[in-house]
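In order, the protein sequences belong to chains B and F.
Per the working numbering, numbering through the first sequence is continuous, rising by one, with the last residue being 516.
Per the working numbering, numbering through the second sequence is continuous, rising by one, with the last residue being 516.
It should be emphasised that the hints constitute simulated quantities derived from the structure, not laboratory data.
Heads up, some of the hints might be wrong.
Copies of the same chain are indistinguishable here, so a pair counts whether it falls within one copy or spans any two.
[Unchecked claim] Cut-off 30 Å, straight-line C-alpha distance, at most; resulting in silico cross-link-like pairs (DSBU-like, lysine-lysine):
1) K50 <-> K269
2) K196 <-> K269
3) K196 <-> K50
4) K35 <-> K50
5) K269 <-> K345
6) K35 <-> K196
7) K44 <-> K196
8) K345 <-> K35
9) K44 <-> K269
10) K269 <-> K35
Number of protein chains: 2
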Amino acid sequence: MGEWKQYLSENQTKHLEQWKDFLRIPSVSTMSEHRGDMERAAHFLAEHLRGVGLEHVRVMSTAQELENVRTSTAQQQEYMSGFETSQQGRDSTSHPVVYADWLHAQGRPTVLIYGHYDVQPAEPLELWQSPPFEPEIRDGMLYGRGSSDNKGQIFMHLQAMEALLKTAGELPVNIKLVIEGEEEIGSPNLPAFLISHQDMLQADLLVISDTAMLEADQPAICYGLRGLLSFQLDVDGPKQDLASGFYGGAVHNPVHALAQLVASMHTPDGAVAIEGFYDGVNEISEDERQVIASLPQDDAALASHLGVPQLYGEKGYTTLERRWVRPTLEVNGIYGGYQGEGEKTIIPADAHAKISCRLVPNQHPDRIFSMIQAHIERHTPPGVRVTVTQTGAGLPYVTPHDHPAVQLAAQALEQAFEAQVSFIRAGGSIPIVETFATQFGLPIVLIGFALPTANAHGPNEHMSLSHMEKGTRALCRYWELLGQQG
Amino acid sequence: MGEWKQYLSENQTKHLEQWKDFLRIPSVSTMSEHRGDMERAAHFLAEHLRGVGLEHVRVMSTAQELENVRTSTAQQQEYMSGFETSQQGRDSTSHPVVYADWLHAQGRPTVLIYGHYDVQPAEPLELWQSPPFEPEIRDGMLYGRGSSDNKGQIFMHLQAMEALLKTAGELPVNIKLVIEGEEEIGSPNLPAFLISHQDMLQADLLVISDTAMLEADQPAICYGLRGLLSFQLDVDGPKQDLASGFYGGAVHNPVHALAQLVASMHTPDGAVAIEGFYDGVNEISEDERQVIASLPQDDAALASHLGVPQLYGEKGYTTLERRWVRPTLEVNGIYGGYQGEGEKTIIPADAHAKISCRLVPNQHPDRIFSMIQAHIERHTPPGVRVTVTQTGAGLPYVTPHDHPAVQLAAQALEQAFEAQVSFIRAGGSIPIVETFATQFGLPIVLIGFALPTANAHGPNEHMSLSHMEKGTRALCRYWELLGQQG
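Make the full structure from the sequences, and use the hints.
See below:
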């Protein structure tokens, strides 16, 4: 031990340049214009994995996996049938999985590592201080789309493996890597892919680094993720824009109808007003309330950091409870009619909203989507036509945190960061986690290294270089500790 | 008489080409990128007026007119003070007025003709069957932005004057022309311009052709226009877009706040819910109800023409009453957050709406704007900041229709179209009409030649070539009839 530490510090510049090259590829999975960049990112990654010393490196298509799940059991068939609805209505966008392994640590545990090389869109570009796909270092932070979510955190794993392989010539544990390209669009094809390749993916433990730490230099292990349901609302009125003077008063304005529909989705108290939305949602236990309340939280400081007059949300819950444990419904975008300079006195022909829900245990995305459809049907005014289309889904996940693999991870983190580990939940979603949990029966360790203020999906996303360094060391240490148990 | 008829028919092709050249200039007053085109349109028009045989042709700046109104009376000063608020908050956009006259009809009436050479934005361009600034004839209609509103109708006046001057060598009446470039942005500088140049603009009668006929080949005289108030609503939340997983539940989403504000502006019955909005608005008289009810109106046919499942609007009024006599509030555009392909799970940093009201007598735009400010203040939720900015204003206008000049216009229309004239109101606004009425004390004749289905502010705006021809003849005839009275 220790040799890898020196290797890491000697190769810091090389690693930084490799990481930057990875970040320069605009692998935006949701936009078809970036399909070529997605391929490029997958092959860049595969090439890099070979350089690290991993084996069986493959770029694998995820298309038609749903049709391919023929070898699976009846239980798996039933599980997969739940995904058919989710896939309806979405474009047949599939992006390859990059697989690699190193399996020579006989008698030692096998760790499956999951990550994703796709990123969120970078728009609005004008809010970035430096271009999103031109990584730039400022004040100890590397700025760029994907720096935290998730290319940076994948790279920490690859640096750790490279350091171990190049110095000791072997890894302390067996490793399998699955790095996908559809996470930011809800992993539509991955469940089928995983089940199709269940033999190849057998492991003792799943490790994911795609969450945040508690604060700068305060490591954390995440024990709960929210699920996701996203959908688009399209309101159609007249077949083309109408002069508001000429027709104002004669037809229902699609923007008014959309505003009414959006407004109908929340109560004045900030709760979600979709009928049945909270059915089956467990109240937070007293234990968990106390754990969460014990974590540092300062509403005034957060409000000031985010630039809002005050925080806001569902009554009866603290800010962390609302962010981690309670489900939400948020409009991600709205548009209709004239948006240019000055004015244009029209009744727009149509209006649109992109909406997503964060879900908690016992909220199945398909069931919630049906409730939303029913709600919209009930609230659609007579003069317009409304269409609602599901665009993504992922199940929520909560794990017990007393598993030995979790305890070892905590130990590795404490050694590398020289600070106590907090157990936290995350408001975000990693859609595939639930499939790993229920179909693979694997214990899952979520150790993330992003700053809570990293602005993962917004402009100026960044990664702390200090977290990068200490996190990589924590991972080397984690494999050592796990290997000693084996 | 009659010579001008032959002249018009001989010069039809030449006139059509000149009109098309005028339409090719994208004189969009609201967009600063078209400032050069606005200048070009003004000078094109001036050159054309010289060719027609008009005199004293001038392209006159409207900038700083508000400061120039020094020579006016105390009553005028007071009137102008009302415009200062309307001008605050708008860009200092001013576009020149084109003036011309012909004043050799001694002892005959002087007619002031008002029109505008600016047009509405053409977006969304993809909905145009032929490009908006490449005029094209299909099935007896000329398609192009401004073909009806208002370049086409200006051109009818110019053709009529040219035909009279080139054949008789004189006009039967004195003519003054004021053609402005700020109508589509609410004529912010024109009131001051008119009052500054009141001596130059002395006349016996104001004629405007900027309204529609009742139906194809059914001429109409308009006796009422709605006023206009336009404003922009800006909702600001967090200082940048936030990941909805990470912060969902912690802050108020600006799109939700905007939807709530927009939804709060109407009652479930389709009436405007701004407190005090209807104060002082007169109920429709029984007489007028009967006149309007006697006009052809078919709700099912209109709904089908517009492509909506059914018409919609304030309860207790017929469709024509809602379009002509009742005030409205319409969102012209809404935007905020992600609008691209696929999904982006963010809480948007801000959200915006462009809104305009059509006003009726006793609704002063400034008073209505104050009510809207108060309403928004009352309904703004705590977690966001809201700004409301007035962007345009114009007063409503209703005239008695028994004036001899109106009766002569009806006679000229009936002769040219060989059809009965209807007296109608219009839902649209010509902001400057009220200034002419109250400050110049002029009788106003609104004879418009657009099709009610011309789609003036939308895509595929068009003008009937048959209306163009008959309307030009009606104008020649009108000046003859007026001259015989003189």
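Here is how each hint holds up against the structure:
no. : hint          : result
1   : K50 <-> K269  : between (48 Å within a copy, 27 Å between copies)
2   : K196 <-> K269 : neither (65 Å within a copy, 45 Å between copies)
3   : K196 <-> K50  : within (22 Å within a copy, 75 Å between copies)
4   : K35 <-> K50   : within (21 Å within a copy, 76 Å between copies)
5   : K269 <-> K345 : between (42 Å within a copy, 24 Å between copies)
6   : K35 <-> K196  : within (11 Å within a copy, 96 Å between copies)
7   : K44 <-> K196  : within (14 Å within a copy, 84 Å between copies)
8   : K345 <-> K35  : neither (49 Å within a copy, 77 Å between copies)
9   : K44 <-> K269  : neither (58 Å within a copy, 35 Å between copies)
10  : K269 <-> K35  : neither (66 Å within a copy, 40 Å between copies)
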